[in-house]
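Knowing the structure of chain L, use the given hints to seat chain B on it.
So the protein sequences, as listed, match chains L and B. All residue numbers for the first sequence refer to this note's numbering, where the first residue is 1 and numbers rise by one. All residue numbers for the second sequence refer to this note's numbering, where the first residue is 330 and numbers rise by one.
Keep in mind that the hints were calculated from the coordinates and are not lab data. Check the hints yourself; a few may be wrong.
Distance windows between CB atoms, simulated [said to hold, decoys possible]:
1. L:177 to B:507: 51 to 57 Å
2. L:260 to B:621: 49 to 55 Å
3. B:412 to L:260: 57 to 63 Å
On the chain L side, residues computed to face chain B include the following (Cβ under 8 Å) [to be verified]:
4. 75
5. 79
6. 81
7. 82
8. 165
9. 186
10. 188
11. 189
12. 273
13. 274
14. 277
15. 278
16. 292
17. 293
Computed footprint of chain L on chain B, listed as stretches where at least three residues anywhere in the stretch have a Cβ under 8 Å from a Cβ of chain L [unchecked claim]:
18. 727–733
19. 750–760
Cβ coordinates follow ideal geometry from the N, Cα and C atoms, glycine included.
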Amino acid sequence: MGRREESGQQPGDPAAARPAPARRWRPRLTRPRRSTGVLARRRARTGMLLTAPAFALVAVFFLLPLGLVVYMSVHNWPLFGQTRFIGLANYREMLHDGTFGHSLLFTAKYTAIVTPVQIVLGYLLAVMVRRKLRGVGFFRTVYFMPVVVGFAASAYAVLVMITPGIGVVDTILKALGLDNGQTNWVTSPGLALLVVIVLITWKTVGIAMILFMAGMQAVPEELYEAAKVDGAGWWAREFHVTLPLIRRTMALVLVLTVAGSVLAFDQFFILTQGGPDNATLTAVLWIYTTAFLQYRFGYAAALSIVLLILLVILSAVQIRALRGGGETD
Amino acid sequence: MQPPYRRAAAGAAAVLSLALVAACSSGGGSSPSSSGKPTVISFWVRVDNPSVGLARLFNQTHKNIKVDATVIPDAEYVTKLGAAVRGHTGPDVADFDDINAPLFAATHITENINSEVNSLSFKKYLNPAELGLASYNGQYYAAPYINGSSVMMYNKGLFRQAGLNPGSPPTTYAQILTDSEKITKLGHGIDGFTIPGACGGCLVYTVWPLIWASGGQVFSAFGPDQTTTYAKYPQVAAALELYRKLWQAGTVASADRSQNGSTWGATFMSGKEGILFGTPVDIPVAAKNGVDVGVAPIPGDTGGYSTFVGGDELGIINGTAHQSADWTFIKWMLGQQAQTYVASAWYLVPVRSDMLTPSFESKYPDVAVALKASEVGSVPKTVGFTAATEDPNSPWVTAFEQVVFSGGNPATVLKQADSSSKQILQQQYQQQLGG
Numbered sequence: 001m002g003r004r005e006e007s008g009q010q011p012g013d014p015a016a017a018r019p020a021p022a023r024r025w026r027p028r029l030t031r032p033r034r035s036t037g038v039l040a041r042r043r044a045r046t047g048m049l050l051t052a053p054a055f056a057l058v059a060v061f062f063l064l065p066l067g068l069v070v071y072m073s074v075h076n077w078p079l080f081g082q083t084r085f086i087g088l089a090n091y092r093e094m095l096h097d098g099t100f101g102h103s104l105l106f107t108a109k110y111t112a113i114v115t116p117v118q119i120v121l122g123y124l125l126a127v128m129v130r131r132k133l134r135g136v137g138f139f140r141t142v143y144f145m146p147v148v149v150g151f152a153a154s155a156y157a158v159l160v161m162i163t164p165g166i167g168v169v170d171t172i173l174k175a176l177g178l179d180n181g182q183t184n185w186v187t188s189p190g191l192a193l194l195v196v197i198v199l200i201t202w203k204t205v206g207i208a209m210i211l212f213m214a215g216m217q218a219v220p221e222e223l224y225e226a227a228k229v230d231g232a233g234w235w236a237r238e239f240h241v242t243l244p245l246i247r248r249t250m251a252l253v254l255v256l257t258v259a260g261s262v263l264a265f266d267q268f269f270i271l272t273q274g275g276p277d278n279a280t281l282t283a284v285l286w287i288y289t290t291a292f293l294q295y296r297f298g299y300a301a302a303l304s305i306v307l308l309i310l311l312v313i314l315s316a317v318q319i320r321a322l323r324g325g326g327e328t329d
Numbered sequence: 330m331q332p333p334y335r336r337a338a339a340g341a342a343a344v345l346s347l348a349l350v351a352a353c354s355s356g357g358g359s360s361p362s363s364s365g366k367p368t369v370i371s372f373w374v375r376v377d378n379p380s381v382g383l384a385r386l387f388n389q390t391h392k393n394i395k396v397d398a399t400v401i402p403d404a405e406y407v408t409k410l411g412a413a414v415r416g417h418t419g420p421d422v423a424d425f426d427d428i429n430a431p432l433f434a435a436t437h438i439t440e441n442i443n444s445e446v447n448s449l450s451f452k453k454y455l456n457p458a459e460l461g462l463a464s465y466n467g468q469y470y471a472a473p474y475i476n477g478s479s480v481m482m483y484n485k486g487l488f489r490q491a492g493l494n495p496g497s498p499p500t501t502y503a504q505i506l507t508d509s510e511k512i513t514k515l516g517h518g519i520d521g522f523t524i525p526g527a528c529g530g531c532l533v534y535t536v537w538p539l540i541w542a543s544g545g546q547v548f549s550a551f552g553p554d555q556t557t558t559y560a561k562y563p564q565v566a567a568a569l570e571l572y573r574k575l576w577q578a579g580t581v582a583s584a585d586r587s588q589n590g591s592t593w594g595a596t597f598m599s600g601k602e603g604i605l606f607g608t609p610v611d612i613p614v615a616a617k618n619g620v621d622v623g624v625a626p627i628p629g630d631t632g633g634y635s636t637f638v639g640g641d642e643l644g645i646i647n648g649t650a651h652q653s654a655d656w657t658f659i660k661w662m663l664g665q666q667a668q669t670y671v672a673s674a675w676y677l678v679p680v681r682s683d684m685l686t687p688s689f690e691s692k693y694p695d696v697a698v699a700l701k702a703s704e705v706g707s708v709p710k711t712v713g714f715t716a717a718t719e720d721p722n723s724p725w726v727t728a729f730e731q732v733v734f735s736g737g738n739p740a741t742v743l744k745q746a747d748s749s750s751k752q753i754l755q756q757q758y759q760q761q762l763g764g
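Chain B extracted, bound-state conformation:
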């Protein structure tokens, strides 16, 4: 090489190594506490939930611990957490979607807090489904924090107009169908029912309670041999047939077929829809628009009810330097004051069944319906939830669309969905848990 090239190469190498050094130095993390100054805990929270308000309340009443909340959009939450933990810039405490709890527990991203959880005086009142998600090999790695169970909401005004009794919402599949048809007959762009047709997460949240209430199951046990059981239980096909009938009877807006979740519930909240399965957090917005909202649990085929116990859990992220401060904060979040705030300020549901007192029922009747239903609710425990059900092209969404909108034969479609899901789940267990 001629001299100028050699020098340029050396210069470039110098710049490169400088850049590398800058990139490799880690930043972030929580500041160490010194005597007298409060311990600062970094707290990652999901969008649109009580966490920011609760963190502020906590800071007002605790002078030796300061919680610093950062809001992370839901779609990027898990990936960002993964990247942050790898780069040692993760938070101390994280508020995450409860369906991610098994993955975090199995990979030990959240620390083992088994003795702490067991020491809680109200532990037996914590939602059993959410506790189940937080446990791995018999030890707890997270604590239930918000109970986001799904319920049936209906427009009492439209019920009255259609000649239906607003005090008796549907309690069977047949009633759902007839009530929706009657409301749709009102015309003027009013639809009887809602289907979030292209949103996998919204669909599992609203359709699976129907299956569980009728006695069916959708997932087999947690573990590398896990599979879906869509074809095994006839209740799954029955629930999809109900949706197909609702769609073919014209009780659902045609835009719902491509509803990807971003405007889910908007039409109900503006008073143009009869029935919406969803979360009670929508109720205040609907009420503000003059909708008289009734709430009931999601029914089964011929009776009974169930719910999808979504919500949030709190975990201490591995690598934190403030275990005891973190646990003090988490314990406070499960206390009466915080859990009441969850209901009063946000219409979300507490995770403690001992809060279902008569005075709570009279103050927050809609939340109480969800809380009661969540005692018998379910939520699937798996590490491949996103890949198998939330991905817009996942086996679950594909099967739903094929049966409900394209009139596919449930027997063949569900069998195919099971085999695709099994493959995905196997891959997920192998990839995320090693092996």
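So that you can see chain L by itself, here it is in the shape it has in the complex:
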């Protein structure tokens, strides 16, 4: 174990009986020594060759297009006709683009609402399905199934369901007497956002649940038993045993959820098309508009690069904040 080597203790050492003092994170003092013999070099070469296909895939399908997008972003790139190098003019224009700023704000607001909902709900579901009860496998499947339904298909199904007058939602509301059955869900910004949040939560909470489940399974049962012996209730057990030990899983779920929300496009494109009057316009939807409705590919490329940088910074901040989970004191 890393910690033991660091402090120079050996198994069976009486010093191990002392509780280890609380430590801040600091870099490891010992490094694993790299061998430099022929065998090691050959192993390294085999490793490189085995990873070369994956690297090639990443290079061709990600790095190369990324380079092309950066190239496009410094050009005036119309649909037809000559492309023209214009330096950072697209980026300068972006600074004055009110619609882009507005879409970033809306995306941030959407992310801020959806992320805690998904994490809390996913966590609770994982708590429910991690117990070894009979039939729990069925519930695991049911909660995870929405994840594998196609995004576009489920969005279109929801679109039909919320159509005023003929959709199932309004019919039920009318039958319950809550409504006149004619509520148009996508023409009011608040209702449209609610519909999208419900859809996305239903669709992706299964992933959070599965990931949390996997993280929780690494927590030793003895810790829970020890906590119970000490008189800890359910909430205390979750807060003091589970949560600290699944920090890395939490980081993963957080990064995935935030990235997915920042890049939200499908559900808004199908349900609201960014309306009414740009009220539900996300960043990616605006990029789509500038590229495929205004045919301004250079400008859209610049917006994409800026969004990418923002997302990378955001992810780095999250990972750093939740660093060191699993075996930390």
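For chain B alone, kept in the frame of chain L given last:
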């Protein structure tokens, strides 16, 4: 770097360069003709129109030219064409939405066919609005092919039930309002009128004829200083007020407010709506559902009529290797046989007014109404049509929604729409035409 890393880097570089070479080699394009074998022309067509059937007819009667039609969905058409032309894999001939003709002409994506068009014996009968779209700097870069003019369709059965005369459809705004209200009173989920509320393209197609028939204009002249004239002409506000009254009187289904075009006309075709402004191509489907459809031109405020001359044009794409074969095909598509097929098989409208003979009128009375109306119809000539009017969050759609559904003040809303449109149009001219 240690040796294993250097070798891996070299290996990766080799794979990368292989991939680059594969990606850069161009594919596609039309096959060259050799003596004896027919010339193959690649032909891109829009969805849901006569082009595929016509290409087949052409191939049957022409043994030395073979047309290979590919259907491209409308939403991706222009972008795909742009990408294909850039990669030198574009088609030889393209059938495209006529509102894109000015953009293609100004960027020379379609070739100059001025002398060919002028040599047509029936050139003076070609729809003037569509010809106007195809011309740039006084030269023709495309040829009108299908006339998709908008008309008013109404359910004669519902008219009769509501006590209205099915032989006299509304000819003024006031009549549209009263007729729609009477039909809505029939109840049972029947609506008097239809509004494709969130579909910019559907709205310009159905609302702008009302404005033109009343003497108003919506766009200024083609060019980098182009702007919309929504606030300048009171007819625009008047048309929006009519729609607002129709909406507030409850003559329109509430689902219409978010209608984005995908199910536009479905309710009329199933017999539950009184009046639909749209394209005659919907009529056979409605008739099959037992709806007795009447057709009339779209009226103005106090009379007169107009139409939005939508439709398709044909162009020879720059870079083709078969100019003469391409033009032979296009000329045939404008001929009597093909244009009759457009009407008989598809209920779409021919682009030639000389086809409006008494026998044509008796065989296809509904199409004849649209053809007659299209003689005085209009269509805006601009390179920024999609960005300024079809985008769901464009100034046009926003202004329509604000006035009609949210009760906004037309004066302020339209002025704002004009200034936003001007900005977008300026950007479009600058971006697409250079400068």
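Per-residue hint verdict: residue 82 (chain L), partner chain B, C-beta under 8 Å: Holds - the Cβ of residue 82 (chain L) comes within 8 Å of chain B, reaching about 6 Å at its closest.
Chain B contact restraint on residue 273 (chain L) - CB to CB distance below 8 Å: Where the cut-off is 8 Å and the nearest Cβ of chain B is about 4 Å from residue 273 (chain L), the hint holds.
Hinted contact residue 75 (chain L) with chain B - closest CB pair below 8 Å: Violated. Min distance 11 Å.
Closest C-beta approach of residue 293 (chain L) to chain B relative to 8 Å, hint status: Holds. Min distance 5 Å.
CB-CB spacing for residue 621 (chain B) and residue 260 (chain L) relative to the 49 to 55 Å hint: With a Cβ separation near 52 Å, residue 260 (chain L) and residue 621 (chain B) satisfy 49 to 55 Å, so the hint holds.
Per-residue hint verdict: residue 165 (chain L), partner chain B, C-beta under 8 Å: 5 Å, holds
Beta-carbon spacing of residue 412 (chain B) to residue 260 (chain L) - inside the hinted bounds 57 to 63 Å or not: For residue 260 (chain L) against residue 412 (chain B), whose Cβ atoms are near 28 Å apart, the range 57 to 63 Å is violated.
Interface hint status, residue 189 (chain L) versus chain B (Cβ within 8 Å): Cβ of residue 189 (chain L) sits 12 Å from chain B, so the hint is violated.
Agreement of hint residue 292 (chain L) with chain B interface, Cβ distance less than 8 Å: With Cβ-Cβ at 6 Å, under 8 Å, it holds.
Evaluation of the interface hint that places residue 274 (chain L) against chain B, nearest CB under 8 Å: 5 Å, holds
Restraint check, 8 Å cut-off on beta carbons, for residue 186 (chain L) near chain B: Holds, about 5 Å.
Supplied contact hint for residue 79 (chain L), tested at 8 Å Cβ to chain B: 4 Å, holds
The earlier numbered hints that this structure contradicts are 1, 3, 4, 10 and 11.
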